[in-house]
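A.B. asks: The hints should help you fit chain C onto chain H, whose structure is shown.
Residue-level listing of the chains:
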Amino acid sequence: MQLLRFLRNHHQHALQADPEFRVEILKTERISDAHYCDFFDSKFPELMAFLTWMYVGACDDDDEFTKMLGPNGEDNLDFLVEEELYDFILALMNFFFEESTINKEKLEAIIGRLVKFDDIGNFENVTMKDPRNKKKN
Amino acid sequence: MSKEEQEINLPLHGKIKRSRSVTEKKDKLEERLRVSNRFVLFSHLHLFQKQLKENPDALFNAVYPILKIKAAENLLNEVQNINLNKEYESNREKTFQILRALLNDPEFCDLLVNEATKKINEPTGNWMQHPPLDVYLERMQKENPKVRIFSRINSIYKISGLQSLRWNIVDAAFTFSPKSSSARPASRP
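Residue numbers (this note's numbering), protein chains in the order written: chain H, 1 to 137; chain C, 1 to 189.
One chain only, chain H, in its complex shape (with noise of 0.2 Å):
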């Protein structure tokens, strides 16, 4: 995944640099993802607190997050409906990105490639091909 790999290129360099880089600076010989989260936070807040909502945004009525955030319910912006998904990114994006320069447009030309709607916007399927099938072939 691209993101993992935007996080690995961090987690790369807290894993490669020597033991008292790592003691003073992340304050922990190893590093737990969940340790390295909260390194990458207080680097990229904003961009945490995106991936968050996100996936608070993804959960249903049954997830432990949902239950402690309240329930979703009808009140929740779905994201098979093409209207919806847009809408939920664009909000996230600029509740959380200073200036965000990100409109519908832009958005739609870039999810529109990856993601397929039928003609009153529900969700049909991804068109991206999946990796790790393609290994397998």
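Think of the hints as simulated: they come from the structure by calculation, not from any bench.
A quick note: this is a predicted structure, and the numbers were derived from the prediction, not measured.
Mixed in with the good hints, there may be bad ones.
[Unchecked claim] Sample of chain H residues at the chain C side, in silico, Cβ under 8 Å:
1) 46
2) 48
3) 55
4) 80
5) 111
6) 115
Ideal Cβ positions, reconstructed from N, Cα and C, are used throughout, including at glycine.
C.D. replies: For chain C alone, kept in the frame of chain H given last:
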């Protein structure tokens, strides 16, 4: 017929019906994101009800960091477990298919990373090829041309040179971190 009633009749996914307008839902989301919604957030944590009444801000500051880290971890785990080309029945799995496609797409991730790091005073446009610490080291080299260590670093040497460079890196890496003062040890060894 009212707006709400019209939307109830929309055939979404064959099963799900909308009872609220999209604008109303969007407003609801924004409202939920706002700080004032901390009350809603923690009214469900029964263990903390007493503290919630006494000091909701302090409680939010204590619990939210844990929640967001768990959410980010869960997101990355779940999207990795989803197959993009499989036909799933449940709406939840379909939703994570969309998220996997988005987070797997270089163009979307470029947009996301560039927007998220716009106010940070570091070049992040080339993040796919260069880990950000490389960028810091290159900047150090420009700012300290007389320091030989910066002029002869290569990809391996950068790592082994971290020990001697770390004081510079700490300043750069934590420039935009609110924890910058506490991250730095009081004295050099």
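A.B. asks: Holds or violated: residue 48 (chain H) as interface residue toward chain C, Cβ cutoff 8 Å?
C.D. replies: 6 Å, holds
A.B. asks: Holds or violated: the hint that residue 80 (chain H) contacts chain C, with Cβ atoms closer than 8 Å.
C.D. replies: Result: holds, 6 Å to nearest chain C Cβ.
A.B. asks: Would the stated hint for residue 115 (chain H) survive a check requiring a Cβ distance to chain C of less than 8 Å?
C.D. replies: 5 Å, holds
A.B. asks: Identify whether the interface hint at residue 46 (chain H) stands, where standing means a beta carbon of chain C within less than 8 Å of its own.
C.D. replies: 5 Å, holds
A.B. asks: Is the hint on residue 111 (chain H) kept, meaning its closest Cβ partner in chain C is under 8 Å away?
C.D. replies: 7 Å, holds
A.B. asks: Is the interface hint satisfied for residue 55 (chain H)? The criterion is a beta-carbon contact with chain C at less than 8 Å.
C.D. replies: 4 Å, holds
Consistency note: the structure conflicts with none of the earlier hints.
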